[in-house]
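4 protein chains.
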Amino acid sequence: MRTGEGLVRIGLAGVGYWGPNLLRNFVQVRRCSVEAACDLRDDRLEYVRDHYPWVRTTKRIEDLLASPDLDAVVLATDPPTHHAFARAALGAGKHVLVEKPLAMRAEECRELIRLAAARRLVLMVGHTFEYNAAVGQVKRYLDEGLLGEVYYAYAQRLNLGLVRSNTDVVWSLAPHDLSILNYWFGVPPETVSARGLSFLQPEARIADVAYLLLSYPGGRFAHVHLSWLDPNKVRQMTVVGSKKMLVYDDVSASEKIRIYDKGVTRKNLSHLDGYDDFGKFQLIHRAGDLLIPKLEFEEPLKLECEDFVRCVKEGGTPRSDGRSGLRVVRVLEAASRSMADGGAPATIDWDPGDL
Amino acid sequence: MRTGEGLVRIGLAGVGYWGPNLLRNFVQVRRCSVEAACDLRDDRLEYVRDHYPWVRTTKRIEDLLASPDLDAVVLATDPPTHHAFARAALGAGKHVLVEKPLAMRAEECRELIRLAAARRLVLMVGHTFEYNAAVGQVKRYLDEGLLGEVYYAYAQRLNLGLVRSNTDVVWSLAPHDLSILNYWFGVPPETVSARGLSFLQPEARIADVAYLLLSYPGGRFAHVHLSWLDPNKVRQMTVVGSKKMLVYDDVSASEKIRIYDKGVTRKNLSHLDGYDDFGKFQLIHRAGDLLIPKLEFEEPLKLECEDFVRCVKEGGTPRSDGRSGLRVVRVLEAASRSMADGGAPATIDWDPGDL
Amino acid sequence: MRTGEGLVRIGLAGVGYWGPNLLRNFVQVRRCSVEAACDLRDDRLEYVRDHYPWVRTTKRIEDLLASPDLDAVVLATDPPTHHAFARAALGAGKHVLVEKPLAMRAEECRELIRLAAARRLVLMVGHTFEYNAAVGQVKRYLDEGLLGEVYYAYAQRLNLGLVRSNTDVVWSLAPHDLSILNYWFGVPPETVSARGLSFLQPEARIADVAYLLLSYPGGRFAHVHLSWLDPNKVRQMTVVGSKKMLVYDDVSASEKIRIYDKGVTRKNLSHLDGYDDFGKFQLIHRAGDLLIPKLEFEEPLKLECEDFVRCVKEGGTPRSDGRSGLRVVRVLEAASRSMADGGAPATIDWDPGDL
Amino acid sequence: MRTGEGLVRIGLAGVGYWGPNLLRNFVQVRRCSVEAACDLRDDRLEYVRDHYPWVRTTKRIEDLLASPDLDAVVLATDPPTHHAFARAALGAGKHVLVEKPLAMRAEECRELIRLAAARRLVLMVGHTFEYNAAVGQVKRYLDEGLLGEVYYAYAQRLNLGLVRSNTDVVWSLAPHDLSILNYWFGVPPETVSARGLSFLQPEARIADVAYLLLSYPGGRFAHVHLSWLDPNKVRQMTVVGSKKMLVYDDVSASEKIRIYDKGVTRKNLSHLDGYDDFGKFQLIHRAGDLLIPKLEFEEPLKLECEDFVRCVKEGGTPRSDGRSGLRVVRVLEAASRSMADGGAPATIDWDPGDL
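Protein chains in written order, with our numbering: chain A, 1216 to 1570; chain B, 1216 to 1570; chain C, 1216 to 1570; chain D, 1216 to 1570.
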């Protein structure tokens, strides 16, 4: 049994799609112990008992919240339940890690943030990509100014699979891109224009494809393409600057970051590569070398779990804290408003307390 | 010397960026002969004399138009000159091939179409991609219904290079994607929403990056991402259908078309590939096999030149005729309207005569 | 604690490089329980206690062999120890899984096989690739005759890293390729020619690069290129047949198998693709479509561990049994003979009992 | 007509597979003019007249040799004819460019070299790859010592297509790799071991697959894999050094050279990437960054033709001169000897005059 003084004792709620990954990682993280797991379905609880026989199981989340031997609760339940369960857990004095999105409304996020602060508890949201080694490397490149002036970024998150009836592709997939962009740029967007396309559930107007255009202070932009319909899995983000361009490809095993240089300025009347254009022009850039840096990769979810345990043990604020969750939810809300308004830009007035 | 009865005798105006490609191809096409070339710059005319010593050169386009020994004129001049030069050439009884865009306004296109029809002359626009073997293969796949119901398409045309001061990235690059989409779908779009981003020439508001969202009859959509700022050259178009998805990658030498299948419907609680999502879901698709068909590739510009010569010799309408040019220019005009209007959808009322 | 009636109780010897992978997998496999682990180094035992606190640890392998509560022993120790430890374990009545190579000499392998048979114990060698989903799929393709007549195969196993002083690149890396080839072809090679190149330890003549050419009954051949010096990781095997060719790329995440078709026979005087050759020729094949089948992938080591547990519980012979280990060791011995003889072919006389 | 004083007037013999490429390039090269072409087949001569109507055609090579208005003869005829035709052309006072291989025997090559020297005529062999921009860039990297100490190189030249009955895959394809290796290393090999596999014409023992192992002074090695049977086209050469490794991929359009770095020395007990090995080890390298340099690419054959014209006009020795052709033929002869001898190494005693 992995209990004992000084260990952070964890209860997990939700062992469906994502919960087992949390379970597997927390079991391997030091200084903590998974004590209990909760799910409504018998087969999921049996899964837990089969793989982790020392973890006690229950169908009632109240059992977790009422357990005096638990220090923290991890919520991998349905998003509409996040707010209520997290509030109850904080109320019961538990540290909380919630899967993304933190809640379904900004006001709910703010309530959780206030509650955690008042009770001096850790509130963390599972923005796993903020713990991804490639994402962190890109952050360092941007902070160093490697790309020169950053013009714009674009993301594609495309795949088959999880078509939902209770949420659209924006709320399901965009939290990844939005949390990454907020992290990279150090500031959230000011406006969002969003268009959603509904092919599988048109009558319910649940978008399976969406396009977001985000504007940031200082004239930066980001564009996000989301889809549930594409059989080719793509998870790619590109940042274009005045000096270099960078592609982060999450699907690639060995070439997660590609850095494209621009060569010296000059004129070039290429006759061989000439299918693109016409007439009078001034050539100012040309493509240069391509560098693929070596990354030391660790499972991001493991690092996320470790950050949670560290904050609980030592105090401190996790990288993806409650405010990080709030900032993503506010952009999601604005995207929903813009989609409902035919793509008209929706402005977000950032409160200093949100940042 | 390649003259003689029965040969189509051609004069080329504009030997800058694209003109040399036309010259090289027309020289190799049967049943025609390049007789004369025109450009304002001495070095370009010297280029012609150096490589093709039998071609006579001039700085005055009037010399071409007035030459009784020329049957056809090919215009690779600056786009703003297309309309005036093409009108004059048709007026002088010459068959005309104009580089894209056919003109800068739809009304100008219509005038050229009327003029060519009245004088029974060939009017062709250089939509080279309509002659690309991969584009044609995709057209056949779509007509056969290989993809099932077509949901949406998206295109990326990104590169460094030709930043212009007299036109934006939409008018410069989008004609390729728009002519391909019109060809594939067999019908032009009904509305266009467009957003342009101006980084290099912000005061002039000349967009170097643009996003277009096009809606088609029957609920289809297409999205186009254009950029002059990206050091990594991308020319990719994807079509997503209910059964399969298809990627056309113009940059790839050996894998220009990739066809992604969808497997049988089933539930799958993957714990390994699970970084994307949460909660309750129904899994309806999964990725299946990937097929990369073998293509026999010929230089598209050569096929375009052959089509022009064939139509001049035998009568008939080229694949990219004046109406094809008009349909592209109408969408470009609508995109400019939408961009000026902050991205609000611009509707195009198609006249039966345009289609 | 994962003990209990009916569970296969396992002791692991060797927790260095590969042992932790075995540990992680056996912990997750049903119907078994890891009870004890043995290593000479304190830090490795601490690693075990830290991650798997219920596993008892020891520095003496004799403790494992003498434990009446252990049903099976897994050996991930240094190869020169394999034979002695496996013999002792079988002598103590334990089922045995040995990492590859089974032993350093064929005669040692035969002794272990005899001993296991006499005592009705499972003897298994860790040829993990025989449990790889892609390798198995290729086996099915070959058995179905998908490729037509199989002409030859070639393998590349190249990487940086594990330069050894007590074994060469052949004994270290070739067991993977040899076990796969034996599995695919259903018959082991008749002769082996091998050349080794020694760059890092030339005085000791320990090869860091080696080339093997293997001949099989019926005129088939296989070629294997092994290296410890290549910074680009390659693990690729190709099988060329009269109808199709197949590439198995173990490094690729999503395209592990690529099947290249051959098109219809015809003449083709290509002027574009003509850098290769001269003069008079008859063109009989051309490249055709490329198919990348979808694979359901499971961790091969997990399947290997499950096969071991199943055979212990239910009886039966594991896929990579002692004879499979013997067949690989015999080819390794022949390769060493050929290398010592400057590359002259070394013949292997297969005893019916080896097959 | 491209004649006139000062132009190098060229006659081409052989317009089959490769000849049209020479024709197309010489037509575009400055300071020369293609005057005549010769082939035995009517359809090939019609091809010439159709595309280049000013070139006179003949079926008799004697017509070329006897033409006083020709300065040079280009031979793209069957390899067995190279020696006789080149000797006759040199005898007639013509400069000569011969397709590879220069001749079928070293003694024939030496005779041509002596004859050209005696008559002060240019003798050049068409080792096109010596004019390839990527090959030249690799040569500069090697001369600069970018890779550190060079350990070994390996090449794969695999494709479908040109199965011959009068020559094997070695004589057909290896001249490319051998001329590149000689150029890169600056010294030819001392010994060659070769094995050929005959699948399509086994009774004639014409190899369609071959493996060459070449040893060079100073302990370097090179390995070459050749095949006519592989549907996937591969033309790749790798050079492995003590500091870096370099891959030259001729098939790639945009990534022709990839440079793999090695990281700092250190120990690493990786548990994740651990499918390869066992036991005791010392880790001395790890893979580092990957750099893909930007290349300015020009058609190699055009540069080759320009080099020929320059040497004829200005004097001087072409990069791929007669000695370059001789050095390749000597290695081919040694490879044939080794193949006939079951793969036993064949030594080449280099005469100072050959180098």
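No wet-lab data here; the hints were simulated from the structure.
Owing to the predicted nature of the structure, the values given are computational and were not obtained by experimental measurement.
Any given hint might turn out to be false.
Same chains, same label: a pair holds when it works inside one copy or across any pair of copies.
Claimed, not checked - For lysine-lysine, the following DSBU-like pairs were computed, each having C-alpha atoms within a straight-line distance of at most 30 Å:
| hint | residue 1 | residue 2 |
| --- | --- | --- |
| 1 | K1459 | K1274 |
| 2 | K1528 | K1458 |
| 3 | K1509 | K1448 |
| 4 | K1509 | K1528 |
| 5 | K1354 | K1509 |
| 6 | K1528 | K1448 |
| 7 | K1274 | K1528 |
| 8 | K1274 | K1458 |
| 9 | K1459 | K1448 |
* Have a look at K1274 and K1458 and pick one of within, between, both or neither, based on CA distance no larger than 30 Å. => neither (56 Å within a copy, 39 Å between copies)
* To do: Have a look at K1509 and K1448 and pick one of within, between, both or neither, based on CA distance no larger than 30 Å.
  => Classified as both: same-chain Cα gap 23 Å, cross-chain 13 Å, threshold 30 Å.
* How do K1528 and K1448 come out at 30 Å by Cα distance, when the copy is not named: within, between, both, or neither? -> Close neither inside one copy (38 Å) nor across copies (40 Å); limit 30 Å.
* At most 30 Å between C-alpha atoms: does K1459 with K1274 qualify within a copy, between copies, both, or neither? -> neither (53 Å within a copy, 41 Å between copies)
* Give the relationship of K1274 and K1528 under a CA distance limit of 30 Å: within one copy only, between copies only, both, or neither. => within (28 Å within a copy, 34 Å between copies)
* **30 Å Cα threshold - placement of K1458 relative to K1528** => neither (43 Å within a copy, 45 Å between copies)
* Given a CA cutoff of 30 Å, do K1509 and K1528 count as a within-copy pair, a between-copy pair, both, or neither? -> This pair counts as neither: shortest intra-copy Cα distance 33 Å, inter-copy 45 Å.
* To do: Could you place K1459 and K1448 in one of the four classes (within, between, both, neither) given a Cα distance threshold of 30 Å?
  => For K1459 and K1448, the Cα distance is within 30 Å both inside one copy (26 Å) and across copies (13 Å).
* **Status of K1509 relative to K1354 across identical chains (alpha carbons, at most 30 Å)** => both (16 Å within a copy, 26 Å between copies)
Checked against the numbered hints given earlier, this structure breaks hints 1, 2, 4, 6 and 8; the rest are met.
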